[in-house]
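Novice: Going down the list, the sequences are from chains P and Z.
Residue numbering for the first sequence follows my numbering, beginning at 21 and increasing consecutively.
Residue numbering for the second sequence follows my numbering, beginning at 21 and increasing consecutively.
No lab work stands behind these hints, which were simulated from the structure alone.
Any given hint could be a false lead.
[Claimed, not checked] If you want the footprint, here are the derived chain Z segments under chain P, 3+ residues with CB under 8 angstroms:
hint	segment
1	289 to 302
2	450 to 457
[Claimed, not checked] Now the stretches of chain P that chain Z is said to cover, found in silico as 3 or more residues with beta-carbon under 8 angstroms:
hint	segment
3	355 to 365
4	419 to 429
5	448 to 454
Note that beta-carbon positions come from the ideal geometry of N, C-alpha and C, so glycine has one too.
2 protein chains.
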Amino acid sequence: MNNNTADTVERWGIFELVLSGPTSGNPFVEITFAAEFSFKNRVIYADGFYDGDGIYRVRCMPDAVGEWRYVTRSACPDLAGITGSFVCVEPSAGNHGPLRVHNTYHFAYADGTPYVEVGTTCYAWTHQGDEMEEQTLATLKSAPFNKIRMCIFPKHYAYNANEPVYYPYERDAGGNWDFTRFNPAYFRHQEKRVGQLRDLGIEADLILLHPYDRWGFAHMDAESNDRYLRYVVARLAAYRNVWWSMANEYDLMPWLTIADWDRMFRVVQETDPYRHLRSIHNCREFYDHAKRWVTHASIQRWDVEQTRLWREQYRKPVVIDECRYEGNIPRQWGCITAEEMVRRFWETAVRGGYCGHGETYLHPQDLLWWSKGGVLHGQSPARLAFFRHILEQGPADGHEPIDGVIEYRWPCVGKSGEYYLTYFGIHQPALVDLNLPAGIRFRGEIIDTWNMTVSSCVPEILSGSVSVAMPGKPYMALRLRKIT
Amino acid sequence: MNNNTADTVERWGIFELVLSGPTSGNPFVEITFAAEFSFKNRVIYADGFYDGDGIYRVRCMPDAVGEWRYVTRSACPDLAGITGSFVCVEPSAGNHGPLRVHNTYHFAYADGTPYVEVGTTCYAWTHQGDEMEEQTLATLKSAPFNKIRMCIFPKHYAYNANEPVYYPYERDAGGNWDFTRFNPAYFRHQEKRVGQLRDLGIEADLILLHPYDRWGFAHMDAESNDRYLRYVVARLAAYRNVWWSMANEYDLMPWLTIADWDRMFRVVQETDPYRHLRSIHNCREFYDHAKRWVTHASIQRWDVEQTRLWREQYRKPVVIDECRYEGNIPRQWGCITAEEMVRRFWETAVRGGYCGHGETYLHPQDLLWWSKGGVLHGQSPARLAFFRHILEQGPADGHEPIDGVIEYRWPCVGKSGEYYLTYFGIHQPALVDLNLPAGIRFRGEIIDTWNMTVSSCVPEILSGSVSVAMPGKPYMALRLRKIT
Chain P
21 MNNNTADTVE
31 RWGIFELVLS
41 GPTSGNPFVE
51 ITFAAEFSFK
61 NRVIYADGFY
71 DGDGIYRVRC
81 MPDAVGEWRY
91 VTRSACPDLA
101 GITGSFVCVE
111 PSAGNHGPLR
121 VHNTYHFAYA
131 DGTPYVEVGT
141 TCYAWTHQGD
151 EMEEQTLATL
161 KSAPFNKIRM
171 CIFPKHYAYN
181 ANEPVYYPYE
191 RDAGGNWDFT
201 RFNPAYFRHQ
211 EKRVGQLRDL
221 GIEADLILLH
231 PYDRWGFAHM
241 DAESNDRYLR
251 YVVARLAAYR
261 NVWWSMANEY
271 DLMPWLTIAD
281 WDRMFRVVQE
291 TDPYRHLRSI
301 HNCREFYDHA
311 KRWVTHASIQ
321 RWDVEQTRLW
331 REQYRKPVVI
341 DECRYEGNIP
351 RQWGCITAEE
361 MVRRFWETAV
371 RGGYCGHGET
381 YLHPQDLLWW
391 SKGGVLHGQS
401 PARLAFFRHI
411 LEQGPADGHE
421 PIDGVIEYRW
431 PCVGKSGEYY
441 LTYFGIHQPA
451 LVDLNLPAGI
461 RFRGEIIDTW
471 NMTVSSCVPE
481 ILSGSVSVAM
491 PGKPYMALRL
501 RKIT
Chain Z
21 MNNNTADTVE
31 RWGIFELVLS
41 GPTSGNPFVE
51 ITFAAEFSFK
61 NRVIYADGFY
71 DGDGIYRVRC
81 MPDAVGEWRY
91 VTRSACPDLA
101 GITGSFVCVE
111 PSAGNHGPLR
121 VHNTYHFAYA
131 DGTPYVEVGT
141 TCYAWTHQGD
151 EMEEQTLATL
161 KSAPFNKIRM
171 CIFPKHYAYN
181 ANEPVYYPYE
191 RDAGGNWDFT
201 RFNPAYFRHQ
211 EKRVGQLRDL
221 GIEADLILLH
231 PYDRWGFAHM
241 DAESNDRYLR
251 YVVARLAAYR
261 NVWWSMANEY
271 DLMPWLTIAD
281 WDRMFRVVQE
291 TDPYRHLRSI
301 HNCREFYDHA
311 KRWVTHASIQ
321 RWDVEQTRLW
331 REQYRKPVVI
341 DECRYEGNIP
351 RQWGCITAEE
361 MVRRFWETAV
371 RGGYCGHGET
381 YLHPQDLLWW
391 SKGGVLHGQS
401 PARLAFFRHI
411 LEQGPADGHE
421 PIDGVIEYRW
431 PCVGKSGEYY
441 LTYFGIHQPA
451 LVDLNLPAGI
461 RFRGEIIDTW
471 NMTVSSCVPE
481 ILSGSVSVAM
491 PGKPYMALRL
501 RKIT
């Protein structure tokens, strides 16, 4: 049976070929299945996967408009040598393709649209049941976030005692997890949520492994880990909004060595035909983000003022995925103020990096956004929407550090001669001295990042060496835009 | 002529012997003059100094009650072999003697009285003329500060364009400074101000060299530097409230090598009979505070959360003499908020260190407290008075870091089993989990460090593993005192 889902598919959409095949034995490990998708002289090799009940699927995210052809590969005669074609058409509105590293330190969609990362964190939101998960999606719809960090596996941790709705594996006769038999319903559910995020314009930063576990999924052997990674990639890589995060706090899984992480990175790198963004998140010790399979540095640190050092160290985008969370729980990482959360986004941005949000307010039913999603209670999201709005008005190639324009060594980013953005955080200068390029006129604006206002500088038009009066309050930014 | 100023002197007061001697030639370099002061079998060797007009002085700060005898030493017959005695009596109220390092990481007066350092900074206050200097003293009288950082030499820098009233040297016939001829009036003036600080209970952290100079005092040769240090020590060491700071931002004087600083440290160490506290202050690079002539680490850094690391590195008291200043000037180091200034004191304290204040608000006549003194405009001093009041109620041997009592790794200091103090800074936990020693009852108090209030915890009496409700606001501290 050749049951491809559509004859046409939009660019960076998903073409899916569905075939029937064997159900006997263990198809997850005994049946190899893949397809070669070709566009002109270019071939993409994509693994297929078994979806239970004799159903085999293989997916393609076409990246070029025109006719695509395919042929399946399998050691199983029923699944081998199936050919066909589909037509890739122009993307629909809002579909800009997958994200890529752009200009060394930044990101852009495949169609060139700039992307200013404003992420949030809901580790286990897809394991909370439909009602709460739908609530999370409703919240995200009007939230400022364009990326979400989320775990594939369920989570066991403080405030996370509930069982997930689904489990990723079947149990064997003895009641133990059989890591050779995936539970397709579990992964179909994850896929559905990833697709809904995509439709909201939100990147899914998928955390493949994590230490917060009481089921044993954090302690699989190397063969099982690799099998799991291949299965996830085969299922999810065709979703254009997928990022791969190898782990959350990888260094809290000391039973896995750096060599294990290197190997698993390569499994993902080699299996994913679309080269989605790849990273790994630390607790204390950084993984060496300079390694070639790492596309960007995913960092947990509270001292975001180090952003520029990390850029220089790794020569890649710096994403501080965890700078601590707005909230009021008794943990140091979970009770910063909204003001501080917003400040960390700005401090990171004016050093050429990107930051991430999370929220941990105590709740009588332990419904904390950081893990379970639901609704937001904090005051930072509104300011992060304003932050994103301001940053999206900046240089298309990203905000790059610029020295020497804002006296005296205030952090400043922008595009030389055209655009400067600086931020003073907890500092409250009443005056700022500028060394603007001579002969170019700039419009100066004071941005109150907390009260979300933009007002003209006095004087408004600035050039050369000039001083600007500032309000003498914290949380102010200064923007200078060339008058054209 | 034997003109000792008094027959009795209080413990840690100043005995001064005044002699007349030669005026010809250059007495500053040609006449050696010193005295041996003896108490029982103990001898203190103190350099004397030429005070101009044929007057030679030598001073002693006796540290034991009873009869002291002296004999002068000089190559000049007029000044040699003069003997005499005086009686050292009990100190007057408020005289606790000089400060010493106590319990490795802390300070105490010589009589054992604990000292919680709350310093401020007025680099050039003694070079502003009597009117403003008297105003500074009046301000200090009701301010919370018990130490002040101040330069011996005048200062040239932003906001510091005025000439000093006095100069430390005479000029030669060519109009150049003669570094072999001190101006006694200059040093008499400095001494007077140091004495006035002493009478206010304020330690004078005397900065011996600094780079902010347009006169050449920062660029003397080694012989002149050493001569200067010996002269200052001979004049000022008998003041019990003196600390020696070898330099401010020593690393901004690259024409002096580390070997130069080592040598000058030893000059001060060997010349000062009373072993006053000795330190050196950095801009970017730390001097190696582990060297034996350094009594405590004097640090310029804004990331005061590193305090405990520096304690462990140097095994000495950590004094963050410059954590930036409350103010609104366009420099990063001079425009933090009052809230941030106060926060840095608390963050340092709950890691077992000490912090320093400064204030830099723009002023139409450039009268910034940080350099010139005058009056205070900021909101931090009132909170630092409260801070000092709270800290002075703590353990007499100093606040030592204690792990494991405040879950989860909040910084905590105190005395095990008796006293715990923790602080949450910009964090706003609504709940704190404690692991108090079983079987001991503690009274819990919530300290609002900004609003300067102390209120009882709910519950007030705490023991063992227990959770305490907190206000969920930033700038809160929690104090736990054993009920006796």
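Novice: Sort out which numbered hints this structure fails and list those numbers smallest first.
Specialist: Violated hint (a single one): 1; every other hint is consistent with the structure.
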